[in-house]
Every structure is written in structure tokens, then in C-alpha cells.
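Asker: So you can see what is in the structure, the chains are spelled out below.
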Amino acid sequence: MVAITFIAHDGRTRLVQADIGLSVMKAARNADVPNIDAECGGACSCATCQVYVDPAWLEIVGLPSAAEDAMLDQAPQRRPNSRLSCQIQVTAALDGLTLSVPESQY
Amino acid sequence: MTISTIPPEPGESPGRFGVVIVGGGHAGAQAAGALIQQGYTGRVALVGDEADPPYERPPLSKDYLAGAKDFAQILLRPAAFWADKGITLLTGQRVVSVDSGAHALRLQGGGVIGYDTLIWAAGGRARRLSCSGHDFAGVHCIRTRADVDALAAELPGVERVAVVGGGYIGLEAAAVLTKLGKSVVLLETQDRVLARVAGAPLSRFYEAEHRAHGVDIRLNTTVSAIEGRDDRATGVRLADGTLLPADMVIVGIGIIPETDILQSAGATCSNGVNVDEFCRTNLPDIYAVGDCAAHVNAFADGARIRLESVQNAVDQAGVAVKSILGHPVAYHAVPWFWSNQYDLRLQTIGLSGGHDAAVLRGDPQTRSFSLVYLRQGRVIALDCVNNARDFVQGKALVAGGLAINPVALADNGVALKVLAQPIVA
Numbered sequence: 001m002v003a004i005t006f007i008a009h010d011g012r013t014r015l016v017q018a019d020i021g022l023s024v025m026k027a028a029r030n031a032d033v034p035n036i037d038a039e040c041g042g043a044c045s046c047a048t049c050q051v052y053v054d055p056a057w058l059e060i061v062g063l064p065s066a067a068e069d070a071m072l073d074q075a076p077q078r079r080p081n082s083r084l085s086c087q088i089q090v091t092a093a094l095d096g097l098t099l100s101v102p103e104s105q106y
Numbered sequence: 107m108t109i110s111t112i113p114p115e116p117g118e119s120p121g122r123f124g125v126v127i128v129g130g131g132h133a134g135a136q137a138a139g140a141l142i143q144q145g146y147t148g149r150v151a152l153v154g155d156e157a158d159p160p161y162e163r164p165p166l167s168k169d170y171l172a173g174a175k176d177f178a179q180i181l182l183r184p185a186a187f188w189a190d191k192g193i194t195l196l197t198g199q200r201v202v203s204v205d206s207g208a209h210a211l212r213l214q215g216g217g218v219i220g221y222d223t224l225i226w227a228a229g230g231r232a233r234r235l236s237c238s239g240h241d242f243a244g245v246h247c248i249r250t251r252a253d254v255d256a257l258a259a260e261l262p263g264v265e266r267v268a269v270v271g272g273g274y275i276g277l278e279a280a281a282v283l284t285k286l287g288k289s290v291v292l293l294e295t296q297d298r299v300l301a302r303v304a305g306a307p308l309s310r311f312y313e314a315e316h317r318a319h320g321v322d323i324r325l326n327t328t329v330s331a332i333e334g335r336d337d338r339a340t341g342v343r344l345a346d347g348t349l350l351p352a353d354m355v356i357v358g359i360g361i362i363p364e365t366d367i368l369q370s371a372g373a374t375c376s377n378g379v380n381v382d383e384f385c386r387t388n389l390p391d392i393y394a395v396g397d398c399a400a401h402v403n404a405f406a407d408g409a410r411i412r413l414e415s416v417q418n419a420v421d422q423a424g425v426a427v428k429s430i431l432g433h434p435v436a437y438h439a440v441p442w443f444w445s446n447q448y449d450l451r452l453q454t455i456g457l458s459g460g461h462d463a464a465v466l467r468g469d470p471q472t473r474s475f476s477l478v479y480l481r482q483g484r485v486i487a488l489d490c491v492n493n494a495r496d497f498v499q500g501k502a503l504v505a506g507g508l509a510i511n512p513v514a515l516a517d518n519g520v521a522l523k524v525l526a527q528p529i530v531a
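Protein chains in written order, with our numbering: chain F, 1 to 106; chain C, 107 to 531.
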């Protein structure tokens with residue numbers, strides 16, 4: 001299990017114990033973290049699972065692929081540290097990761 | 107038919123609910139979750155005829171078939187979610203009749219469930235072949251987890267697979283099975299694969315890709331019988347008499363929407379359960395959403411259609427829920443869809459049916475390109491292969507029904523978002 005903290009737009013935090021091998025999106029959905037809608041189920045096709053990566057973790061989490069980058073372009077409130085959580089795999093290296101969730105994914 | 111006059115045995119029936127959702131697929135699961143999320147306080151029941159809690163269907167013909175994802179990974183929600191949210195999940199339960207006057211439905215086995223509002227999200231069942239041998243062992247379809255588990259259990263002993271149908275399911279299955287080392291022949295009655303859903307250049311591209319991976323694609327080919335021994339398939343007999351030996355036959359020829367029960371209850375049906383822009387059927391307090399809902403779609407030139415997609419399932423579920431909660435919003439969502447085959451990622455926006463022109467953006471040889479469909483000069487759809495940027499940026503063109511010069515569209519060097527800008531004089 002890997003500990004990931006999700007910070008909602010109103011500042012409330014949720015600590016989620018995520019299974020290694022799942023996507024961060026799936027771990028968030030399993031824990032019922034609000035506003036991770038993931039309408040396409042993790043196919044990198046809807047941009048409704050956007051998260052903002054804590055700047056301290058950017059290097060470890062890594063950059064989006066070209067396809068993810070294109071999808072992020074249609075996400076509302078994209079920021080330089082935006083990722084699609086369905087495209088981040090939970091690994092041991094992410095233990096302690098902090099992510100922020102946008103107010104709405106629509 | 108009056109269900110309410112036949113009282114259920116004590117303890118046999120789950121009782122009465124504010125909202126009963128029939129169908130545990132994407133649409134049903136989304137509706138249940140959205141009701142709770144949006145503050146609905148009545149009792150909610152989700153009734154499905156499959157044994158499992160709601161799961162994602164698209165991976166059945168992709169990662170789940172390939173063994174790259176296990177079942178836990180494709181569950182839409184963890185198994186405990188439903189009870190945690192106070193949703194009564196009734197799995198393995200088949201609805202056999204609906205009494206719209208009594209606001210009740212009957213389950214196989216006799217249980218009766220009352221409802222204030224019913225959401226019919228029952229989807230469809232895989233269409234079967236009707237020729238002789240269609241029910242032999244070794245003949246499979248891909249619609250449910252059980253279908254794929256049965257198919258996968260036989261795979262170790264299978265060398266040759268015949269796939270009947272060159273639509274998305276057939277092509278995705280062919281891609282997976284070829285990569286698993288099986289010898290695959292794919293049979294399509296039309297003169298190209300994806301004939302119902304895409305333009306010819308896309309069909310030709312996918313045919314070439316599959317052939318390059320070793321799939322034997324036969325077009326203009328009709329199956330006349332499944333040949334077998336001891337009621338187990340051994341091959342496929344074609345209309346021209348050819349016999350293609352096969353240890354397994356996979357039939358991917360579409361679905362039959364689950365309309366019979368609602369139709370018997372008095373629902374107006376066409377190629378599905380007819381619904382209005384709020385997903386209401388003509389029956390009181392009964393909605394229909396997802397694969398089985400025949401709705402007027404603005405992106406199909408106003409035709410009444412069914413859409414078999416996650417997008418439609420999710421968005422119509424949302425429309426039904428908003429209407430139930432007293433904040434009706436008409437269904438008006440740009441259709442989108444995806445298909446993964448080999449390392450090719452197809453993303454579709456809009457509906458290409460009825461196009462009168464198709465413009466190629468980029469070179470298919472590079473395996474990254476788009477096909478833009480127009481009707482009377484207006485963009486109605488894009489098929490984007492390994493080209494998420496066009497998929498994303500093309501949405502505005504389809505949503506607005508923009509008229510764009512085909513010559514400009516064909517210039518892959520100009521981003522679609524630039525073309526979507528209004529021209530300022």
C-alpha cells in the first residue's frame with residue numbers, strides 16, 4: 001500500500017491507501033474521492049480525472065505523454081502541474097504523494 | 107397483467123424503492139452513483155442479471171481478454187461501494203415483467219419490487235448467428251464477463267479462431283488473439299470492415315494493419331453454417347462452400363436491445379425503447395438510458411438512434427437523474443468513442459453516418475492521422491488514429507457543426523483549433 005493525499009478544492013484532505021499497480025485514478029475512485037469523475041474509465045479519452053501534482057513530486061511523477069498532453073488541453077483549469085490521474089501508475093516511489101483535485105471536472 | 111394483485115411470499119421480495127435501476131452496466135451504475143452524489147435521499151436499488159457488481163465493459167474485448175487486467179481492475183466501483191452508499195445491489199436477478207400502473211416489476215423467481223421511478227438501463231444481449239451449428243460449444247460472443255471467462259478458459263487448447271463480424275468487437279478480439287499467437291481469420295459480409303461506423307479510408311487502414319499482423323481478413327464473405335463434431339465447433343462453412351477449420355468461433359455481430367419487457371408493459375419501442383430529450387419513455391415514471399434507449403440525437407442529423415457507447419451511457423444516466431431530481435436538462439452531448447487495436451488508439455468524436463465527404467489529415471503510413479467527415483460542408487465527425495490532439499480540438503468543430511474549407515482541413519500542419527476560430531473580417 002502506498003499513501004496518497006488528495007486535497008479537495010475547499011482544502012479538505014483525504015489520505016488514500018492505494019494498491020501498487022492500480023492507476024491513481026482507480027485508487028481515488030475506489031476511495032470515493034470527489035471530483036475524480038473518470039468518465040471514460042481510464043482510457044485517456046475524457047480529461048475528467050485531472051489532478052494537480054504537488055510541485056515537490058513533479059519529477060518523480062513525470063510528464064504526460066503526447067496523447068495525455070492533448071487531452072489535458074481540453075481539461076478546465078489546466079495548470080503546468082496538471083496530470084490525468086488515470087495515466088499515473090501507483091508505484092512504491094509515490095508513497096507520500098500529494099495531489100490536488102480541481103473544483104469541477106466539467 | 108397486474109402484478110400488484112399477486113402478493114409476494116413474505117421475505118421473498120426486496121420491497122419498495124424510490125428509484126429502481128434495471129441494468130448493472132455503465133449506465134445503471136452511473137445513474138445509481140449520480141443519484142446518491144446529487145443528494146437523492148430515497149431508497150435506490152440496482153438490479154442486474156449478471157453475477158458481478160458493475161464493471162467496465164470496454165476492456166472485455168481488450169485488456170481483460172488479453173489478460174493484461176484482472177477482474178478487480180475493471181470493477182467500476184469496489185464491491186463494498188454500493189452498500190456503503192446505501193444502494194441495494196441485486197445481482198443475478200432477471201426482471202421478467204414491469205407493471206407501469208402498479209409501479210412494480212417482477213423478478214424471475216417471483217420477487218416483486220415496487221418503485222416510484224424506474225430507470226431502464228438494461229442494455230442489450232449479443233446477437234447470435236442463426237445458421238446451423240450456431241449453438242455449438244466453442245462458439246462465443248463478447249458481451250459479459252462470463253462470456254469472456256468462458257472463451258478464455260478454452261483458449262489454451264485453441265490454435266485457429268474464426269471471428270465473425272468486422273466491427274469494433276471483432277477487430278479488437280482479432281488483435282488480442284493474434285497477439286496471443288492464435289491463427290485468426292476474420293469474416294465480414296460487407297466489402298470493408300467498420301462499414302457501418304467509419305469511412306472507407308479508415309476501413310482500408312485497419313484492414314491493412316490487421317493483415318500485417320497476420321489476420322486473414324475475408325470481405326464480402328457470408329457464413330452459411332458452423333461445422334462441428336459432437337456439438338463442438340470445428341470450422342466455419344462459407345456461403346461459397348469453403349470450409350475454414352477453426353477450434354473457436356467468436357461472433358461479433360452487434361447486440362439486440364432489451365426492449366421486450368418494457369414493450370410488453372406498453373412502452374413505445376422502435377430499434378430500442380423510445381425516449382424524449384430527458385430520457386423519459388411514454389410510460390409514467392419510467393426512463394430508459396444507455397445502449398437500449400432510442401433517442402433523437404442532434405449529432406445524427408436529428409434521427410432517432412441508439413448509441414452503444416460509454417459516453418452515451420454515462421451522459422444519459424446523468425440526464426435521467428437530473429430530471430428525477432427536478433432539474434431537467436435535455437440530452438445534448440457530442441458522441442465520442444474509442445477503440446484500441448495493437449498499438450493503435452482510435453478516438454472518434456461525432457457520428458460519421460450520413461457524411462457526404464471525408465477529408466484525410468496526415469498520412470496513414472505514419473500511423474498517426476485523422477479522417478474528418480463533413481455533411482453539406484459542415485464537420486460532423488472525426489476518426490483520429492494515434493492523434494489525440496485532433497480528437498480534442500475537433501470536438502469544437504463537431505459541437506458547433508462548423509463549415510470548414512476541406513482544403514484547409516486537409517492541411518495537417520494547421521491545428522484544428524485554429525480552424526475553429528471565427529474568421530474576423
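I should point out that these hints are in silico values taken from the structure, not numbers from a laboratory. Check each hint, because a few of them may be wrong.
In silico DMTMM-like pairs for lysine to aspartate or glutamate, Cα to Cα no more than 25 Å straight-line [claimed, not checked]:
#1 C:Lys175 / F:Asp37
#2 C:Lys523 / F:Glu68
#3 C:Lys501 / F:Asp73
#4 C:Lys285 / C:Asp337
#5 C:Lys428 / F:Asp32
#6 C:Lys191 / C:Asp169
#7 C:Lys285 / C:Asp176
#8 C:Lys501 / F:Glu103
#9 C:Lys175 / C:Asp205
#10 C:Lys175 / F:Asp95
#11 C:Lys285 / C:Asp169
#12 C:Lys501 / F:Asp37
#13 C:Lys175 / F:Glu103
#14 C:Lys191 / F:Asp37
#15 C:Lys428 / F:Asp73
#16 C:Lys501 / C:Glu414
#17 C:Lys501 / F:Glu68
#18 C:Lys288 / C:Asp337
Facing chain F, from chain C, some residues (calculated, C-beta under 10 Å) [as the list claims (entries may be wrong)]:
#19 Val202
#20 Trp444
#21 Lys501
Because the structure is a prediction, the values reported are computed rather than measured. All residues carry an ideal CB built from backbone N, CA and C; glycine is no exception.
Asker: When you check the alpha-carbon spacing of Lys523 (chain C) and Glu68 (chain F), does it fall within 25 Å?
Answerer: holds (17 Å)
Asker: Would the hint linking Lys175 (chain C) and Asp95 (chain F) be met if the CA-CA limit is 25 Å?
Answerer: Distance of about 23 Å is within 25 Å: holds.
Asker: Do the alpha carbons of Lys175 (chain C) and Glu103 (chain F) lie within 25 Å of each other, as the hint requires?
Answerer: With Cα atoms ~31 Å apart, Lys175 (chain C) and Glu103 (chain F) exceed 25 Å; violated.
Asker: Given a cut of 10 Å on the nearest C-beta pair, is the interface hint for Trp444 (chain C) held or broken against chain F?
Answerer: holds (5 Å)
Asker: For the pair supplied as a hint, Lys501 (chain C) and Glu68 (chain F), confirm whether the alpha-carbon distance does not exceed 25 Å.
Answerer: Status holds; Cα separation ~16 Å.
Asker: Using the nearest Cβ pair, does Lys501 (chain C) come within less than 10 Å of chain F?
Answerer: At 7 Å from the nearest chain F Cβ, Lys501 (chain C) passes the 10 Å test, so the hint holds.
Asker: What's the verdict on Lys285 (chain C) and Asp337 (chain C), does the C-alpha distance respect the 25 Å limit or exceed it?
Answerer: violated (28 Å)
Asker: Are the Cα atoms of Lys285 (chain C) and Asp176 (chain C) separated by 25 Å or less?
Answerer: Distance ~18 Å between Lys285 (chain C) and Asp176 (chain C) Cα, so the pair holds.
Asker: Regarding the pair Lys175 (chain C) and Asp37 (chain F), is the alpha-carbon distance no greater than 25 Å?
Answerer: The given pair, whose Cα atoms are some 21 Å apart, holds under the 25 Å limit.
Asker: Lys191 (chain C) and Asp169 (chain C) were given as a pair; does the straight-line alpha-carbon distance stay at or below 25 Å?
Answerer: Since the Cα atoms of Lys191 (chain C) and Asp169 (chain C) sit roughly 29 Å apart, the hinted pair is violated (cutoff 25 Å).
Asker: For a C-alpha distance cap of 25 Å, please report whether Lys285 (chain C) and Asp169 (chain C) respect it.
Answerer: holds (12 Å)
Asker: Check the hint pairing Lys501 (chain C) with Asp73 (chain F) against an upper bound of 25 Å on the C-alpha distance.
Answerer: holds (12 Å)
Of the hints listed earlier, those the structure fails to meet are numbers 4, 6, 9, 13, 15 and 19, in rising order.
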